[in-house]
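Peer 1: Take the given structure of chain Y and dock chain L to it, following the hints.
2 protein chains.
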Amino acid sequence: MEATQNYAFFFVARRVNLVIIKFFWRLTMKTSAIFYHAGCPVCIEAEHQVAEALDLARYDVKIVHLGEQKDQISVAEGAGVKSVPALVIGGAAFHINFGAPMSALKG
Amino acid sequence: MEATQNYAFFFVARRVNLVIIKFFWRLTMKTSAIFYHAGCPVCIEAEHQVAEALDLARYDVKIVHLGEQKDQISVAEGAGVKSVPALVIGGAAFHINFGAPMSALKG
Numbered sequence: 001m002e003a004t005q006n007y008a009f010f011f012v013a014r015r016v017n018l019v020i021i022k023f024f025w026r027l028t029m030k031t032s033a034i035f036y037h038a039g040c041p042v043c044i045e046a047e048h049q050v051a052e053a054l055d056l057a058r059y060d061v062k063i064v065h066l067g068e069q070k071d072q073i074s075v076a077e078g079a080g081v082k083s084v085p086a087l088v089i090g091g092a093a094f095h096i097n098f099g100a101p102m103s104a105l106k107g
Numbered sequence: 001m002e003a004t005q006n007y008a009f010f011f012v013a014r015r016v017n018l019v020i021i022k023f024f025w026r027l028t029m030k031t032s033a034i035f036y037h038a039g040c041p042v043c044i045e046a047e048h049q050v051a052e053a054l055d056l057a058r059y060d061v062k063i064v065h066l067g068e069q070k071d072q073i074s075v076a077e078g079a080g081v082k083s084v085p086a087l088v089i090g091g092a093a094f095h096i097n098f099g100a101p102m103s104a105l106k107g
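The listed protein sequences derive, respectively, from chains Y and L. Just so we're aligned, residue 1 is where the first sequence starts under the working numbering, counting upward by one. Just so we're aligned, residue 1 is where the second sequence starts under the working numbering, counting upward by one.
FYI, nobody ran anything at the bench for these hints, they're computed from the structure. You may find that some hints are simply not true.
One copy or two, it doesn't matter: identical chains are merged, so the pair holds either way.
Computed cross-link-like contacts, DSBU-like style, restricted to lysine-lysine with a CA-CA straight-line distance of at most 35 Å [stated by the list, open to error]:
1. Lys82 <-> Lys106
2. Lys70 <-> Lys106
3. Lys70 <-> Lys82
4. Lys70 <-> Lys22
5. Lys62 <-> Lys106
6. Lys30 <-> Lys62
Bound-form chain Y, shown alone (with noise of 0.2 Å):
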């Protein structure tokens, strides 16, 4: 009896560990979500639209102006980035529509 007691009580403590774990995981790590751009007006739409409609609650949302911050680019294009409008979810990146390709934006 005291033996399947002891296991009830780690299996319990095991569960609220796990969940106590989960819970500092998703309050503090949250996946990076990078949304390159340069200005352009299908740039601003995207940006309006989708980099506005992800869960900040579980994505980390950084938007970077790629006309104005030049030496990102290389980082851009180093996670995949060959046109902007672009999301960068978890260093696989996505265009959105086409607004510029980036060898526009080295000039």
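Peer 2: Same frame as chain Y, now just chain L:
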């Protein structure tokens, strides 16, 4: 004195009403977000990363497989969808990367 009390009562009642209306508005009136795909690998990645990143508290997210629901192709085209995967948020179409043109789904 009675008039002041009445004024205070109506002021508080109006505030409470506004809070209740706002609460039910948020609870019931969500912006529509429809993710159109056709089961291709590009579509599936976009679904898992972009469509699932949307804030479900603010957006009513629907996922439509145009290969299986061919009657929805004309609805998607009406919203401006030209290729899949695409996300239609609040009536505006956003093409995410490129999987397949709409013409390929009509066979």
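Peer 1: Flag every earlier hint the structure violates by its number, smallest first.
Peer 2: Hint check: 4 fails alone, others pass.
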